[in-house]
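Novice: Sequence:
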Amino acid sequence: MHHRVFLFVPRTLNKTTFRSIQTITDVRKTLQNLVGAQLVFGHGNQSGSHAGLTDNITVNSTLTPRTIAESYDEAIIPFATNIKLRERYVNFDNKVRFGRILEDLDTMAVHIAYKHNAPQIIQSINVHPLAIVTAAVDRIEVAVPHMDIDRDVRLSGFTSFVGKSSMEVILTIDQDNNGTWEHVLRAYFVLAARDPRTKKSAKMNPLIGSTEEDKEIIRKGELNRQRRLTEQDKSLFKTPPDTSESSIIHDLFIKTVTPNTSIFRSRLLNQDSMWMSETTLKTMHIGHPEQRNLYNKIFGGYLMRKSFDLAWTTASLFAKQKLSTLAVDDIMFQRPVEIEVAVPHMDIDRDVRLSGFTSFVGKSSMEVILTIDQDNNGTWEHVLRAYFVLAARDPRTKNKNNRSAKMNPLIGSTEEDKEIIRKGELNRQRRLTEQDKSLFKTPPDTSESSIIHDLFIKTVTPNTSIFRSRLLNQDSMWMSETTLKTMHIGHPEQRNLYNKIFGGYLMRKSFDLAWTTASLFAKQKLSTLAVDDIMFQRPVEIGSLLFLSSMVVYVEGNKIQTRIHAEVVDIHTAKRETTNVFYFIFKTKDNSQISKNVVPQTYAEAMMYLDGKRHLD
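All letters in the sequence shown, in the order written, are residues 1 to 617 by UniProt numbering.
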């Protein structure tokens, strides 16, 4: 569990850069070498970091005192000269993404900690014996909330306090302004050392003050440590609210009680207020190896970035305006997040071939058939086949809803080609027929109505005549209870050729959510069987807030049908517009039967149930 507090203020325009030899990328490579990290997940050193640190290697127990100057270091993010690098960092306002900066701060803090403890390096294997991780972010004070994307950024830091197995590191970010470094933010990180062989705490090199200024820094570091301990003791998990805090809560409560009544449960809100629960946003992420840290756990900076994105979206939707970051306060890393190699994949060490061709062309749309094969000792083994429908638009008519444009016709030069085109035409006719028979246009047929009625009758309380009294069998779950939701900010990094959010990115995020939804429902990791009928109804603009909602809508035998609804939300009006609907079908790996069924509770859910059945059939 990780607790994070982000503070936001209404946006004001402000700015601030660098020049040095070492970049933040260099810092990451140095750390990987220092701990012997697994450079490619699943390849080479399978035990992750510190593989060479066996029990027969002696670790020097002498801890050399270190000064603040010996731990100081800095690194550059070279935005001014590396234009390609900007792509990773730029946000929809053409400024630097704060979430990416959180990742770099985490990396830099660990680097400073290792530099402080450099005397412990085992020279014979050139590996550091400590596993140093971020235990907490005490506070980040932001002076400039929006850094320019075309000016260099400098990260610098030093050790400010060392206990037995933990230490405080102070980090500073500055941005270049015509040769002058302008202050952007200051961060206080707390790091902890572990023995990678025993997983127990390990001692760090002590810190000494070589100057009066250094001694004052260390003294303040000790005060910070004492403050953190005091705050832990005064936590509301340990002690009740004090008198003033109790008064605040009671006053809020009294203001919401219906006037002139003696009923505490009758509550009303002022027009300028909102129930806290109504501000809730949730999101979901699969811990892929791509996001791992030095020790093959999920990188803490990645968790902070994703948490920041969610926090900013929550606050901005509440305020109905884009907000600026004021501070980050009290992030506690209570336990590591493990990597889940969860979704079944093709082997990672064998080449994959993508091939495709046009199979049908209409006036302004076309069907393309794609195939993926994987090499098996010189033989290409079939993996999947995909059917894509693409549409052509005239880019000169952007202000006229992008009018359709004609495509080059397709002719069959052989009998085989003609058969492919004929099947493409049949696919087009099938899609048109399915659109006409959509449950949005026509009611369920007799057999489908019977299915829904049978499901309904099975949930009505026996021996009653009350339709609203409903019960579920133990082997069933209400469809609504399978719902999972997630949120994504449409950053420029994910754009397509036309400066919209890339459709492949939307499909990837939707797949992750669908797989998680189905696997949680089945209580096992599932295999992908099919992707069916993805409709791109409108493009997603850069800067959009994209919300994905997933449900299990139909179960049959060993198969689960999931439906993903994608919509964009306007920050200022909270208006929602559907952009895509996705259907994914999963199955059990051993083809065993799914022991649980899903049951619709409302008419809308019943239509999704039938729609899911149609897609599976």
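The set of hints was computed from the structure by calculation and includes no laboratory data.
These numbers come from a predicted model, not from an experiment.
Treat the hints loosely; a few may be bogus.
[Unchecked claim] Listed below are the simulated DSBU-like cross-link pairs for lysine-lysine, each with C-alpha atoms no more than 30 Å apart in a straight line:
id, residue 1, residue 2
1, Lys587, Lys282
2, Lys587, Lys423
3, Lys29, Lys95
4, Lys437, Lys559
5, Lys220, Lys115
6, Lys238, Lys215
7, Lys84, Lys234
8, Lys282, Lys255
9, Lys458, Lys406
10, Lys297, Lys575
11, Lys418, Lys441
12, Lys306, Lys238
13, Lys234, Lys203
14, Lys255, Lys115
Novice: Is Lys418 within 30 Å of Lys441, Cα to Cα?
Specialist: 34 Å, violated
Novice: Taking only the CA atoms, is the gap from Lys297 to Lys575 under or equal to 30 Å?
Specialist: 38 Å, violated
Novice: Taken at face value, is the distance from the CA of Lys238 to the CA of Lys306 at most 30 Å?
Specialist: 29 Å, holds
Novice: Within a Cα-Cα threshold of 30 Å, do Lys238 and Lys215 meet the stated pairing?
Specialist: 34 Å, violated
Novice: Can the restraint linking Lys587 and Lys423 be considered satisfied, given a maximum Cα separation of 30 Å?
Specialist: 28 Å, holds
Novice: What's the verdict on Lys458 and Lys406, does the C-alpha distance respect the 30 Å limit or exceed it?
Specialist: Violated, at roughly 53 Å.
Novice: Take the C-alpha atoms of Lys29 and Lys95, compute the straight-line distance between them, and say whether it is at most 30 Å.
Specialist: 26 Å, holds
Novice: CA of Lys255 to CA of Lys115, is that 30 Å or under?
Specialist: Violated. Lys255 to Lys115 sits at ~55 Å, over the 30 Å cutoff.
Novice: Does the structure keep Lys220 and Lys115 at a Cα separation of 30 Å or less?
Specialist: 21 Å, holds
Novice: Would the pair Lys587 and Lys282 pass a check requiring their Cα atoms to be no farther apart than 30 Å?
Specialist: The hint holds at about 26 Å.
Novice: Decide if the proposed pair is consistent with the structure: Lys234 and Lys203, CA atoms, cutoff 30 Å inclusive.
Specialist: 28 Å, holds
Novice: Quickly compare the C-alpha distance for Lys282 and Lys255 to 30 Å and report which way the hint goes.
Specialist: 29 Å, holds
When the structure is compared with the earlier hints, violations turn up for hints 6, 7, 9, 10, 11 and 14 and for no others.
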